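**Student:** Here is how the chains run, residue by residue.
2 protein chains.
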Amino acid sequence: MSSRTPLTKAEKVAYALRHEKSYSWHKWFSVLAVLTIIVSLLTYYLFGMWTEPPPLPKLDLEQHWGPYPIDMKPDNSIRPFTIEFSDVIVNDLRERLLHRRSFTPPLENAGFTYGFNTHFLTQVLDFWQNKYNFKEREQFLNKYEHFVTNIQGLDIHYMHVKPKVPGNVTVVPLLLIHGWPGSIREFYEIIPKLTTPRPNQEFVFEVIAPSIPGFGFSQAPVRAGMGPIQVSVIFRNLMQRIGHDEYYVQGGDYGSAIGSVMATLFPENILGYHTNMPMVAVNTWVSIYTVLGSLWPNFIVEPSVQDRMYPLSKHIGKVIEETGYFHIQATKPDTVGIALSDSPAGLAAYILEKFSTWTNMENKKASDGALLQKFSLTHLLDNVMIYWASNTITSSMRHYVEGYKQLMFTDRIPTEVPTWGIKFKHEISFQPDSILKLKYKNYLHSSVVEDGGHFAAMELPDVLADDIFDAVHMFRTFHRKKRNNKASDKPITKESTKPDAETVNKVEKESKVNFETVNKVEKEPKVNFETAKTVYEFTVKDIQGQEVKLERYKGKVLIIVNVASHCGYTNSHYTELNELYEKYSKKGLRILAFPCNQFGGQEPGTLKEILQFTKEKKVKFDLFEKIEVNGENAHPLWKFLKRIQGGTLGDFIKWNFSKFIIDRNGVPVERFGPNTSPLELEPYLEKLLG
Amino acid sequence: MSSRTPLTKAEKVAYALRHEKSYSWHKWFSVLAVLTIIVSLLTYYLFGMWTEPPPLPKLDLEQHWGPYPIDMKPDNSIRPFTIEFSDVIVNDLRERLLHRRSFTPPLENAGFTYGFNTHFLTQVLDFWQNKYNFKEREQFLNKYEHFVTNIQGLDIHYMHVKPKVPGNVTVVPLLLIHGWPGSIREFYEIIPKLTTPRPNQEFVFEVIAPSIPGFGFSQAPVRAGMGPIQVSVIFRNLMQRIGHDEYYVQGGDYGSAIGSVMATLFPENILGYHTNMPMVAVNTWVSIYTVLGSLWPNFIVEPSVQDRMYPLSKHIGKVIEETGYFHIQATKPDTVGIALSDSPAGLAAYILEKFSTWTNMENKKASDGALLQKFSLTHLLDNVMIYWASNTITSSMRHYVEGYKQLMFTDRIPTEVPTWGIKFKHEISFQPDSILKLKYKNYLHSSVVEDGGHFAAMELPDVLADDIFDAVHMFRTFHRKKRNNKASDKPITKESTKPDAETVNKVEKESKVNFETVNKVEKEPKVNFETAKTVYEFTVKDIQGQEVKLERYKGKVLIIVNVASHCGYTNSHYTELNELYEKYSKKGLRILAFPCNQFGGQEPGTLKEILQFTKEKKVKFDLFEKIEVNGENAHPLWKFLKRIQGGTLGDFIKWNFSKFIIDRNGVPVERFGPNTSPLELEPYLEKLLG
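So the protein lines, in turn, are chains A and B.
With the UniProt record's numbering applied, the first sequence closes on residue 690, and no number is skipped along the way.
With the UniProt record's numbering applied, the second sequence closes on residue 690, and no number is skipped along the way.
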């Protein structure tokens with residue numbers, strides 16, 4: 001039979017494989033996934049699975065994870081610890097690297113798409129064997145103080161770095177939690193940035209960076225059942241041992257999961273939770289939001305970051321492609337762990353593949369995984385060495401067995417702990433604030449960064465450190481506000497937020513806040529925009545987050561305008577508004593500018609970025625916090641403005657740089673659209689200013 | 001803060017984790033999965049994704065998989081091949097085993113639930129290092145003739161075992177395809193059983209057992225794109241090179257997938273497809289059937305095997321738990337392959353975990369994975385050695401990248417090739433015949449075995465070999481029938497199915513069958529039970545599958561009865577029917593017994609098992625093929641019987657052992673229910689027999 005025999009079936013298949021669009025498995029998976037999500041809504045009603053968990057017995061805060069029998073005289077001391085790459089370990093390792101097997105060559109042009117490229121691996125292993133300076137790196141890794149102390153039967157290792165501070169700076173404790181396949185090594189670059197006082201901040205961090213049990217130099221449990229909940233208990237007990245009842249938590253990856261669970265279970269200990277992987281495990285509402293967003297993205301995610309989430313098909317395909325490790329670690333960690341324990345080449349490939357792909361999915365196309373674009377081999381191998389020397393890859397992977405199912409549970413429990421996320425561009429997961437707020441009832445802010453990936457602490461330590469400072473600044477403000485609200489009904493002024501000099505240079509012990517009480521107090525009667533008479537009845541927040549009562553503008557003539565940094569009108573408007581301000585401020589003109597991202601996503605930045613932008617623009621008038629001007633969540637002030645001064649084609653604000661003029665009695669008297677330039681307002685202003 | 005501080009959140013979680021039933025992730029996954037399946041039905045209408053693929057260009061039957069440039073004078077010779085465990089390989093391996101790392105101890109009482117138990121692994125590795133006799137095993141593996149030949153740029157390895165046969169036995173070629181993580185080693189025990197003539201069979205097998213490209217001693221492709229479709233092309237070309245245009249295919253696991261694709265793409269080459277993992281990749285109809293079955297199991301699966309499929313939640317949970325390897329191999333095969341190539345301990349654990357769990361999921365509970373209950377370490381390590389010596393674990397795993405997505409496509413294309421499945425009790429996947437028939441239009445039979453698991457050829461070679469013989473017997477009958485139907489309209493009698501003596505001792509070349517033509521011819525006018533006058537108008541099949549025209553019973557008095565092996569009535573009825581037969585057969589009584597599984601699933605067995613049972617019962621009367629007596633698919637004879645002799649509470653048959661009496665003119669004259677004992681029929685029989 002020759003190959004020219006007609007083969008209609010075969011032909012169909014061949015053609016379809018090459019051309020038929022519907023064959024795309026991304027599409028198929030995504031359609032199914034989307035529909036799955038829809039039906040999880042049905043599940044809600046049909047199975048009542050999502051009712052709140054009932055209140056019940058105690059979590060075992062002393063659960064023992066070491067071998068039995070329990071030592072009846074436990075050693076609760078804190079002992080210094082030194083990382084050691086012994087000669088035995090190093091010689092054995094070099095021997096293994098020298099005698100490594102010849103690996104299967106990569107497929108033609110595969111890059112990293114089939115996993116770690118074995119051609120590039122050869123370079124990595126040669127470097128490790130011949131150039132990685134074990135003694136020097138050992139010294140480097142010991143540059144911070146390390147300790148171990150026994151918690152619940154396990155020796156828990158941690159780094160403890162205290163800042164040296166001048167007298168007027170408050171030291172606040174920060175628990176930094178690493179992820180998988182990371183380690184404490186993730187934090188070496190960022191620690192100095194967190195423990196060095198900054199001129200513009202009244203506080204600085206004391207960093208505690210533990211190894212998760214079964215990772216690196218923390219002992220592993222000897223029996224099943226340890227997941228983020230149990231790690232949370234251990235870390236809470238560790239912080240207590242160290243002497244901290246109240247502290248901030250920061251984490252990414254698994255560290256983020258643990259931080260989230262700590263905030264959920266121990267709100268009395270956690271003053272604030274900062275995460276560089278803000279995420280809520282899938283549940284009914286998350287699913288509903290996600291699906292709705294795929295139909296009406298503006299409904300749940302800002303336009304500027306919609307491509308991080310939609311089209312859903314693409315992102316679900318990505319998730320499927322990147323979660324094989326998760327699936328096998330959640331089911332057979334010991335099997336795959338055997339090979340990874342035995343082969344340094346295998347271990348390096350398994351770990352470093354993640355540093356390539358999770359830093360940027362596009363890196364898969366490169367034959368070297370673009371690994372060295374962001375990291376040095378030395379730094380990457382430091383991290384691998386921690387797994388190798390401690391032989392903990394298996395025990396680290398075992399956490400996945402409990403991990404996700406615990407999170408699917410705990411993420412259904414809301415937390416009041418103030419939360420702040422930073423979203424790096426290439427992070428493997430993305431969720432909009434609207435979803436995050438389902439769990440984090442005080443989700444204060446997301447910083448959106450147009451760079452960086454999953455291993456932010458190593459890749460962009462400056463950006464991450466700045467953001468942690470910003471976040472903790474806000475967390476502190478948040479708590480002060482609550483304290484003040486609790487203490488009195490006095491109006492909150494900027495003065496009341498100044499740091500208490502007596503707390504200087506001591507570890508801050510912020511007063512315990514009873515959240516339920518505070519929440520009740522916090523619900524001060526809101527101004528009804530439908531009955532308000534003047535703008536003076538409203539309160540807004542300035543760009544620093546401080547509340548400002550508009551009555552402070554009594555007797556002034558005001559321009560209230562919604563602004564954006566990336567609009568076609570931006571340049572001319574900023575310039576002319578500045579001009580107006582210079583010309584009329586002495587007569588009593590004030591300009592109140594409200595950044596808003598509702599028009600073309602042209603104000604996507606963080607408050608800090610906006611501030612930076614307006615500094616460049618030499619803006620002299622008053623800048624307020626980013627708000628919404630249309631829709632349900634529009635600021636009451638703007639609802640009021642629109643009520644009093646309706647628009648031509650409807651009351652809603654049409655675009656950036658809509659301008660309202662308020663007279664000296666606080667009454668909105670004129671409204672102008674974006675195509676009216678500020679200088680055209682002069683006649684009206686002159687009339688009102690007299 | 002003491003541990004007695006109230007922790008309501010934590011308490012809830014702890015309790016819920018321990019007690020709340022709804023927390024079960026199996027339940028959660030399964031509910032979602034079931035609903036997913038429901039909506040895939042919607043998908044069908046909404047996206048029109050499941051329309052037939054269009055007819056189009058050619059499949060490349062000469063696609064080149066080796067490095068370029070292509071050798072313009074290709075070597076098409078068939079060369080002998082010898083498996084070699086060289087001293088270099090063996091010494092290096094022993095060195096690695098000796099210097100293996102100390103592995104993470106298993107969690108307390110974990111058995112194999114976290115993957116391969118490292119305590120037991122130590123025994124395996126000690127045996128491999130010190131007791132596995134490499135030279136002896138090399139000899140053993142070379143006991144069959146091995147060859148390689150270059151197909152499409154790759155050296156393809158295969159074993160070729162020809163039987164020695166007496167003059168009256170037909171030799172038929174059988175392509176035996178192994179799976180992952182199996183190899184040709186799977187077939188060493190079964191090959192003699194397939195290549196030895198049997199007294200009751202007119203044929204015997206010539207076995208061709210190739211290594212799949214990239215497995216063992218077949219070269220791996222150097223570029224991406226090889227999945228079951230491409231392997232099918234290569235194996236078709238291999239069989240052609242060997243000299244076979246028409247042959248049978250048998251496989252399990254990936255071998256089953258390849259066999260299925262070959263039957264789909266090359267129906268003109270494949271005379272029959274036998275599989276020990278009968279399966280169709282999920283598609284809309286498979287989903288619909290599966291979901292319907294979870295509501296009304298009797299609708300799609302026989303009661304005796306319902307527990308292999310339902311509750312769906314349990315089985316989906318099992319699938320999720322067992323497919324981590326699949327997920328990582330389909331996405332990052334090279335990453336995990338590096339460690340497995342480098343570490344014999346890791347490779348053995350990775351492969352042998354499957355031999356434990358896939359043989360029986362319950363084995364996970366045992367600390368030794370119950371591995372040695374069914375296999376010997378020597379045999380298991382033979383298989384591991386094939387991967388180790390050839391260093392092909394990575395290239396074998398790469399097939400998963402293409403695998404499932406190709407199957408999701410090809411399994412939507414029906415095939416007319418006669419198909420036969422054997423379902424071992426602990427096989428990891430199970431599908432009922434109703435689903436299999438969606439794809440296999442000539443799905444002849446499922447043998448249901450209450451023993452055995454995934455690696456049937458190694459675990460139960462006798463059972464599998466017997467079943468392959470039975471299947472091919474039926475395949476041959478199937479083709480003969482088609483040929484005869486095509487050749488003439490003469491009634492088919494047993495005589496016409498006797499083997500042609502001229503084909504003896506030659507490789508059988510069965511005439512090519514044009515399926516479309518045959519299908520049309522086959523649709524001979526069926527007897528209309530609504531107009532039939534006598535039973536003589538009907539044709540049935542005997543227990544061997546041979547057609548029997550009931551006109552052969554002309555002039556006899558008949559009892560027609562539906563029987564079952566496991567009914568409360570079985571004993572008394574069989575005994576009394578025998579008694580009646582002995583007493584009245586000479587006067588002209590014939591008893592026609594039809595096994596039927598429609599009542600309480602009390603006739604679940606294969607034809608062979610039924611035959612065995614009736615032999616034990618010393619049944620002397622005539623036994624026919626298993627049929628349905630009620631419903632759409634009831635045999636026309638039984639529809640006729642019910643029409644003429646309606647029942648008391650409706651015409652349908654109420655239970656096993658309903659008895660009809662037929663007079664000497666072929667007319668049903670009496671009907672008796674199961675609670676009438678056969679001996680009570682004597683007065684009626686005596687009257688009719690005269």
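Hints listed in this document are in silico derivations from the structure and should not be mistaken for laboratory results.
Misleading hints may appear alongside valid ones.
One copy or two, either will do: identical chains are not told apart, so a pair holds if it fits within one copy or between any two.
[Said to hold, decoys possible] Listed below are the simulated EDC-like cross-link pairs for lysine to aspartate or glutamate, each with C-alpha atoms no more than 20 angstroms apart in a straight line: (1) K587 / E268; (2) K405 / E322; (3) K314 / E402; (4) K374 / E95; (5) K164 / E108; (6) K364 / E402; (7) K193 / D368; (8) K365 / D245.
Predicted model, so just to flag it, every value in this text is computed and none were measured.
**Student:** If a hint holds in the structure, say so; if it does not, say that too.
**Tutor:** Hint by hint, here is what the structure shows:
1. K587 / E268: neither (51 angstroms within a copy, 96 angstroms between copies)
2. K405 / E322: So K405 and E322 pass the 20 angstroms test inside a copy (18 angstroms) and across (17 angstroms) alike.
3. K314 / E402: Classified as between; 19 angstroms across copies, 28 angstroms inside a copy.
4. K374 / E95: neither (29 angstroms within a copy, 38 angstroms between copies)
5. K164 / E108: neither (55 angstroms within a copy, 45 angstroms between copies)
6. K364 / E402: between (29 angstroms within a copy, 18 angstroms between copies)
7. K193 / D368: neither (30 angstroms within a copy, 51 angstroms between copies)
8. K365 / D245: Classified as neither; 47 angstroms inside a copy, 42 angstroms across copies.
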